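First to last, the protein sequences are chains L and R. In terms of this note's numbering, the first sequence has 276 at position 276, counting the first letter as 1, and numbering is strictly consecutive. Add 363 to a position in the second sequence, counting from 1, and you land on the number used in this note's numbering.
Wrong hints could be hidden among the right ones.
Claimed, not checked - Ranges between beta-carbon positions, derived for each pair:
id, chain 1, residue 1, chain 2, residue 2, range
1, R, Thr-680, L, Asp-296, 46 to 56 Å
2, R, Asp-713, L, His-120, 22 to 32 Å
3, L, Ala-152, R, Gly-501, 54 to 64 Å
4, L, Glu-299, R, Ala-386, 48 to 58 Å
Claimed, not checked - Heads up, incomplete: computed chain R residues facing chain L, CB under 8 Å, no partners named:
id, residue
5, Pro-375
6, Thr-523
7, Thr-527
8, Ser-669
9, Pro-684
10, Gly-687
It should be emphasised that the hints constitute simulated quantities derived from the structure, not laboratory data. Keep in mind it's a predicted model, so treat the numbers as computed, not measured. Glycine included, each C-beta is placed from N, C-alpha and C at the ideal position.
Protein chains: 2
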Amino acid sequence: MDLLPLEALTTPAALVDLDRVEANLARVAAYTREHRLHWRPHTKTHKTAELTALQLAAGAMGATVATPREAAVMATACDDVLLAYPPVGPSRLAQLMALPRRTRLTVALDSVEALEGLGHAARDAGRTVGVLVELDLGMRRVGVQSPADAVALARAVAATPGVTYRGIIFYPGHVRVPVEQQESALKDQGARVREFVDALASEGLRPDVVSGGSTPMLWRSHEVEGLTEIRPGINVLNDRNTAALNACAWNECAFSVLTTVVSTAVPGQVVVDAGSKALAKEEGLAPTGGYGALLDRPELVVRSVSEEHGLLDVSGTSWRPRVGDRLRVVPNHVCAAVNLHERLHVLRGDTVTATWAVAARGW
Amino acid sequence: MDLLPLEALTTPAALVDLDRVEANLARVAAYTREHRLHWRPHTKTHKTAELTALQLAAGAMGATVATPREAAVMATACDDVLLAYPPVGPSRLAQLMALPRRTRLTVALDSVEALEGLGHAARDAGRTVGVLVELDLGMRRVGVQSPADAVALARAVAATPGVTYRGIIFYPGHVRVPVEQQESALKDQGARVREFVDALASEGLRPDVVSGGSTPMLWRSHEVEGLTEIRPGINVLNDRNTAALNACAWNECAFSVLTTVVSTAVPGQVVVDAGSKALAKEEGLAPTGGYGALLDRPELVVRSVSEEHGLLDVSGTSWRPRVGDRLRVVPNHVCAAVNLHERLHVLRGDTVTATWAVAARGW
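Please build the complete structure, drawing on both the sequences and the hints.
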């Protein structure tokens, strides 16, 4: 495509700073190399084949996805795909079985019902699908509850034609503890993982894959004993919540929403055209609250949002942008924000050098 | 299209119950006829030309929109479109000016900057665009603050070639008061509107259009003195928040999300495949909290959501759906939920009789 200046974009527009993306990729690549962890980024964060290709080029060994559509899109760039979501229902299974034959597919699940459906679909399709048994390590969302349950399900996996047992998976997304408690939290996580691994090993079901990790504790993943693979999603783009957790620096935030000031009629307030439809209405972990902050003035916060309106509180400053001015907002949660946009505009500096379809939205 | 049974749909899927839509339309049509109010529904709720066509057939006199894309889509079904959003920036203005010549376009604004841009664009396009001066009646989002400011802006509108002054507009979306305080709230609103109208009239700028109204107080709109037009959006589909406000009955909720149980591994909890990406993460006004409730068991609540997971608390009941079962969830805020779906599946009973593209998503 032709190069475009930033000013030519219609707002609200989703922007990706490619210099920052490359730095973020290099950092996680170096980290995972140093600690001999497999790096399988969760691609739901960006939902584009293009960014998956960059992640693979930087050293990722495969892609993680949450939906069959994400699997289909990422399979155009990547031959090793993990669906970290229970594959339940005939249409989801049909979508999965329609993946290219070359795609090495692995699926996480926590129930015999999901396993049976997957086994049937795989046999009908003449494929072999890898399975990871999902564990609940305290997040209480999905996952088997005890080592005995894990052993029972792993045994069922091993006995089901069409699928092959590959190991265990968990998501420690609930582990967001203050720095001084992180070491013991990671030790606890490692001890809990070991209970499951030992129980499985004693039944001849030692997991080849022990898949964990999340962005908030990304840089300490190596402290979790026994981990073979991490699946950070957010860290390729980062966001305001990740910065609030000190899991990235503010200048590692590679995603922002370009927005236009549309009203300054209410004193002390600036209204921009990025509301919940552009930023997502996701609670903030930053102590200053709100739904996002200005890239260049992170102390200025989008205090409230309705669908098409973002309300910036400027009462504490003398800065007064005018109707028509453009601002860039870093949202609290990048995955939710990306999902609201049809395309990502890719920047080098202030020049749009490419536009990527967010092809993996939906299901 | 061929008729489909509900079971054939991939989940999560957005469903619209057409019998309920028709009843909702008939009720608001009768109400606005009785009270001689113009009915200009806000089509951001459903974002489809098909539902706009049904609203016009039921008696609506035009469509309200929030974005240029909504304007373009609704203009295929409706020749009288109100953009209830400041038209700021060259690309938004270009999109508006590209509307069909037959479209009677009116725009709400609250600043001289927005007015000047619109006037330029209209003159360049050889069109005349109607303008409503936006008032802030207490919501503190957009809108001029005082009758004097309204007079100044209306005067500027009247003096700007390419645009024509049509009246005033406001959004009383903040008025969500207990039933026993509604009468005085509506009287206050009427008194405030009268201040603005009197000030404008005394300067020869009496508004032909006085546009207000929202779903929460819809059925008492006639108590606001001087109102000529109402713009309810949600009431065509309704949602859990509207039911919580007693502005609709639960069986008037015409929108739901079909979802599949994907995990029951955590005791007392059922996980469905409708999370924040399918329901939207919008705070609930219902006293039972959460992000949505089951259509057939409204006491069962989606307690928390992540992107692909909705967590139903079933600990207080003996009901235990199984992995693979399908449920229908009514979300808190229908507009935000519709915006997340590519299409609406239209039901008569349990049969899908049509599928409508949510063509007006994005900007």
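Evaluation of the provided hints:
no.	hint	in the structure
1	Thr-680/R to Asp-296/L: 46 to 56 Å	holds (51 Å)
2	Asp-713/R to His-120/L: 22 to 32 Å	holds (26 Å)
3	Ala-152/L to Gly-501/R: 54 to 64 Å	holds (60 Å)
4	Glu-299/L to Ala-386/R: 48 to 58 Å	holds (50 Å)
5	Pro-375	holds (7 Å)
6	Thr-523	violated (16 Å)
7	Thr-527	violated (21 Å)
8	Ser-669	holds (7 Å)
9	Pro-684	violated (11 Å)
10	Gly-687	holds (6 Å)
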